[in-house]
Amino acid sequence: MSIGHDHGHVTAGTANRKRLVLVLGMMLAVALVQVIGAFYGSSLALFADAGHTVTDSLGVALALVAVWIAAKPATNKRTFGYQRAEILAAAVNALVLFVLCGFIVMEAIKRFQTPTEVSGPTVMAVAAFGLVLNLAAMFVLRSGAKESLNVKGAYLEVLSDAIASAGVIVGGTLVWLTGWNQIDTLISLAIAAIIVPRAWFLLREAVHILLEATPRDMDLAEVRSHLLSHPSVIDVHDLHAWTITSGVPVMSAHVVVKEEDLKDTGRMLDELHACLTGHFDVEHSTLQLEPPGHADHEGARHH
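Following the working numbering, the numbering of the sequence shown begins with -6 at its first residue and continues without gaps.
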């Protein structure tokens, strides 16, 4: 008798692999140009933007590795495969962004103490190049960001880098017009301020999934009520719902059914699973059908 289910289906991250590869190539090109421009223009803002882009490139590369790992089939020891690797990658991306922000702040403090002459035109030209490619990368990832938290992490990184590039263009223009080099340092701090809230959001969502919390768009009280609306269901307990990776919610529950209906468990399971799939988009659920009074023999229970 088969006792398992196949969880080796294609995840949202896997479906967007080609987009991630394309974006990675674009970001590496931007990073190379920004590093060269930052060196010749003596711009901390460009260095910050270059560091951000390099970090984003590493993040996208990590996302690709996670997608590859997540696509590996399930085994007896890892029954859900490696799908959770995508969420771990998203968490690591967020932590790296926080480290980058700390580096930018420390360098900005040094620049305030020892001002450095900045080449405005160089900064403007390099930042404009980065902005164009970042906008193109955002367009490539836009649809995938709605399906996968991992891809969404890459999208948010590219978005913040695009905003940073726009800020650097403004900063380079002001330095060129006014000659006040500290504008470049202020822009670098603004880049850090832009990165932090997005990194926090990404980390919060990743931790939410890693802690196996109930999916944010799911109300367990509503799920229980819907199951109880079935004429054969008397009670529902030990109801749990969590997320394996983006777009893969799962659920388990003990369902107390009338004695006479336990004779046709196949029909009951089909109807209850159809209910969960149709109303709550839960394709995988594990339901234990039991007669009234059976819960008294189960030990620890969770209502």
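Please note: incorrect hints may appear among the correct ones.
What the hints assert, rightly or not - The list that follows gives simulated cross-link-like pairs (lysine to aspartate or glutamate, EDC-like), each with its CA atoms no further than 16 Å apart:
| hint | residue 1 | residue 2 |
| --- | --- | --- |
| 1 | Lys251 | Asp228 |
| 2 | Lys251 | Glu264 |
| 3 | Lys139 | Glu198 |
If you're looking for bench data, these hints aren't it; they were derived computationally from the structure.
Comparing the hints with the structure gives:
1. Distance hint between lysine 251 and aspartate 228 is fulfilled; the C-alpha atoms sit about 10 Å from each other, no more than 16 Å.
2. Of the supplied pair hints, the one linking lysine 251 and glutamate 264 holds, its CA atoms being roughly 15 Å apart against a limit of 16 Å.
3. Our distance criterion of 16 Å between C-alpha atoms is met by lysine 139 and glutamate 198, whose separation comes to about 14 Å.
In summary, this structure violates none of the numbered hints.
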